[in-house]
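Respectively, the protein sequence lines represent chains A and B. Residue numbers for the first sequence follow numbering that gives the first Met the number 0, beginning at 0 and rising by one. Residue numbers for the second sequence follow numbering that gives the first Met the number 0, beginning at 0 and rising by one.
You may find that some hints are simply not true.
[As the list claims (entries may be wrong)] Straight-line C-alpha distance at most 30 Å; calculated DSS-like pairs for lysine-lysine:
| hint | chain 1 | residue 1 | chain 2 | residue 2 |
| --- | --- | --- | --- | --- |
| 1 | B | Lys271 | B | Lys198 |
| 2 | B | Lys201 | B | Lys60 |
| 3 | A | Lys251 | A | Lys305 |
| 4 | B | Lys328 | A | Lys195 |
| 5 | B | Lys37 | B | Lys296 |
| 6 | A | Lys225 | A | Lys347 |
| 7 | B | Lys37 | B | Lys269 |
| 8 | A | Lys317 | A | Lys305 |
| 9 | B | Lys271 | A | Lys193 |
| 10 | A | Lys279 | A | Lys347 |
| 11 | A | Lys45 | A | Lys347 |
| 12 | A | Lys305 | A | Lys193 |
| 13 | B | Lys328 | A | Lys151 |
| 14 | B | Lys283 | B | Lys220 |
| 15 | B | Lys290 | B | Lys271 |
| 16 | A | Lys45 | B | Lys168 |
| 17 | A | Lys45 | B | Lys220 |
| 18 | B | Lys198 | B | Lys233 |
| 19 | B | Lys233 | A | Lys45 |
| 20 | A | Lys331 | A | Lys284 |
| 21 | B | Lys168 | A | Lys34 |
Derived by calculation from the structure, the hints in this document are not laboratory data.
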Amino acid sequence: MTQKTFSAAINEALHEAMQADPTVICYGLGVTDPKAVFNTTYNLEKQFGVERVFDMPTSENAMTGVAIGAALNGIKSVVTHQRIDFFLLAMDQLVNGAAKWHYMFGGQCSVPITIRLIIGRGWGQGPTHSQNLQAWFSHIPGLKVVMPTTPKDAKGMLLASIFDPNPVIFLEHRWLHNTLGEVPDGNFRVLLGKAKIVKAGADITLVAMSYMTVEAIHAANYLEGKGIICEVIDLRTIKPLDWETIMNSVTKTGRVLALDSGFTTGSVAGEVIARVAMEKFSALKSAPQRLAMPDVPEPTSPALTKGFYVRAANIAEKVIEMFGRDTTDVKKDLSEPSPHDVPGEWFKGPF
Amino acid sequence: MVHPINSNSIENSLNLFHQMYRIRMVEEEISRRYPEGKMRCPVHLSTGQESIPAAFSLSIKKNDFVVSTHRGHAHYLAKGGNLNAMIAEIYGKETGCSKGKGGSMHLIDLNVNFMGTSAIVGNSIPVGVGLALSAQLKGTDQISCIFLGDGAVEEGVFYESVNFAAIRKLPVLFICENNLYSVYSPLTVRQPEGRSIAKMVKAIGLETGTCNGDDIYSSQKLMQQSVNKVRSGKGPCFLEFSTYRWREHCGHDFDNNLGYRSEKEFLEWKAKDPLLNLEESLHKAGKDLSKKVDSIKASINSEVIAAFEFAESSKFPNQLEAYHEVYAKEELPK
């Protein structure tokens, strides 16, 4: 199977969905512009026409409501925003409208809309271009929250989201767009609400999502050399969350470290820790732990973001601490790459 | 405003009377029974504002879409929404139009494409625009009608929605009922003095019209012309009707004692009551017509009483229903 990028996988999913179902439409600021939202919407307008693929006014709130209204008459909208932070203007339509429509009208109509939001970190994105607000959305009954890590999951889960009868928040981490992986052809679905064990292990459970899964795998590979075998769970869907996979793993390992790309307080990681502590207390061999972003806005200057992000080194250090062992070598072995605030050489900015 | 009834308008006048009287009686019966404490949700009554939904009801097709607001009983009834299901919903019964999950502020009747109402000011406006977009994409001749108040015009989402409707030339009819108050806040503290809402919307690029809501015939004429215009594909249209809510913002009572508006102002509006004026004209137009009016009133009175009996005798939903329907399970049949 050929290797494809995460963004190419998103693009394929959109093509497949629009091909399969004439009621799927796609809009958002910039979906038809030359940059095509990091190439994810490339060629869609040409293929499916201006009726179904269109740029929009800078009106995040109303355009979310438009998707709701269209959905009530059988149109499935995929609405795209280049940064999650812009979408905060649409919280009324999302929270008071989309999330509740099915419930508050007695289950008579559903709102099958998909909202693609790009999250990220680094490269001076700063306080209002780098937030990871999955915890917010997962707090709202009626929403589904999806955070794929691999290109295959990106495609299969976007297709599942578009054809899900509920409003789905689909979060794409900017640092994943250029990652490569095998992506099957065709219109296939990856079930929402099911986590994936990406690395099996018996000593400790690492719970991660989206880009944090990548850092978790780096840490797990390093820790294997130290004789600690981690089980790494990629949540993939934040709401509804696959508790069964987490609990089964923790029962086996007796230790859990929950990772989160969002702020610490009220994080998804915090929810994982709470539930594990409540339900698996007797299975735990050490206090459950979490690593998330500090409770401060992300600063802009590269000088201020040094050591700011949760990286493999922090994860490895925390795990070794949980085993009561010496962490001296970790920082040396897993030093922060330089520059520290980009996902790779390919990333040249500005966004 | 009292108009003489001529023979051409008899049928139409009786229909208008029927619509207005029915809405009035429903709202007043809610008001009368509300202190019993059995309707345990906020209610926002349209008493005094009936002429606009009445004019609307005679201008619209069954498959046209409607969305409305927290003050939505009248619009639901005008679109042909099921009366029993609405009253049962306010009583929180399983036979309610939203099965007790929505209450007075979340009314729906998909049989007549009454697509929903919202408790949040301005919230249903873009939803109505989205319904219009769906009609345009599907190539039907349906139009989407959005009821809103003067307060909603102050919400950002109003401008966003009107702008998008204009860009895409969507088949939307915006119907603004300007009753001068947003809860207890008068227009003077909310919008610049002398600025017309309709003129401002015209500047955004919509066809607009204004009308004194107490003039039922002019309201109906404007409504019908605008519906026709929107249906013909000429793009969205915005109408502003002046009107007045007689009772308190939320609840069953009068509230002129609060001091945010005067008893005098209320009495001036009440003296212009389009329902009473129309009834008087009909009575004056001869004994036959007078009898018809009485028979309409009798039939509506018993319909309303029956609706309350239906609601009262319906079952409450099982408490476990609270935990169902958070998510749609599968594709709903269309």
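Consistency of the hints with the structure:
For the suggested pair Lys271(B) and Lys198(B), the alpha carbons sit about 25 Å apart, so the restraint of at most 30 Å is met. Taking the CA atoms of Lys201(B) and Lys60(B), the gap is near 26 Å; set against the 30 Å cutoff, the hint holds. Taking the CA atoms of Lys251(A) and Lys305(A), the gap is near 36 Å; set against the 30 Å cutoff, the hint is violated. The hinted pair formed by Lys328(B) and Lys195(A) meets the criterion: a straight-line CA distance of about 23 Å does not exceed 30 Å.
For the hint linking Lys37(B) to Lys296(B), the alpha-carbon distance of about 26 Å falls within 30 Å, and the restraint holds. Restraint check for Lys225(A) and Lys347(A): not satisfied, since their Cα atoms lie roughly 35 Å apart, outside the 30 Å limit. For the proposed pair Lys37(B) and Lys269(B), the alpha carbon gap of about 29 Å is at most 30 Å, so the pair holds. About 18 Å separates the Cα atoms of Lys317(A) and Lys305(A), which keeps this hinted pair within 30 Å; it holds.
The hinted pair formed by Lys271(B) and Lys193(A) fails the criterion: a straight-line CA distance of about 63 Å is larger than 30 Å. Restraint check for Lys279(A) and Lys347(A): not satisfied, since their Cα atoms lie roughly 45 Å apart, outside the 30 Å limit. Annotation: proposed proximity of Lys45(A) to Lys347(A) holds, straight-line Cα distance about 28 Å (limit 30 Å). The hinted pair formed by Lys305(A) and Lys193(A) fails the criterion: a straight-line CA distance of about 34 Å is larger than 30 Å.
Between the alpha carbons of Lys328(B) and Lys151(A) the distance comes to roughly 25 Å, so the proposed pair stays at or under 30 Å and holds. A threshold of 30 Å between alpha carbons decides the hint, and for Lys283(B) with Lys220(B) the separation of about 23 Å falls inside it, so the pair holds. Distance restraint check for Lys290(B) and Lys271(B): the Cα-Cα separation of roughly 24 Å lies within the 30 Å cut-off, and the hinted pair is therefore satisfied. Between Lys45(A) and Lys168(B) the alpha-carbon distance is near 22 Å, which keeps this suggested pair within the 30 Å criterion.
Restraint check for Lys45(A) and Lys220(B): the C-alpha separation of about 45 Å exceeds 30 Å, so the hint is violated. Among the hinted pairs, Lys198(B) with Lys233(B) is consistent with the structure: their alpha-carbon atoms are about 19 Å apart, no more than 30 Å. A C-alpha spacing of about 28 Å is found between Lys233(B) and Lys45(A), which places the hinted pair at or below 30 Å, so the restraint holds. Distance hint between Lys331(A) and Lys284(A) is fulfilled; the C-alpha atoms sit about 28 Å from each other, no more than 30 Å.
Distance check on the hinted pair: Lys168(B) and Lys34(A) sit about 28 Å apart at the alpha-carbon level, within 30 Å; holds.
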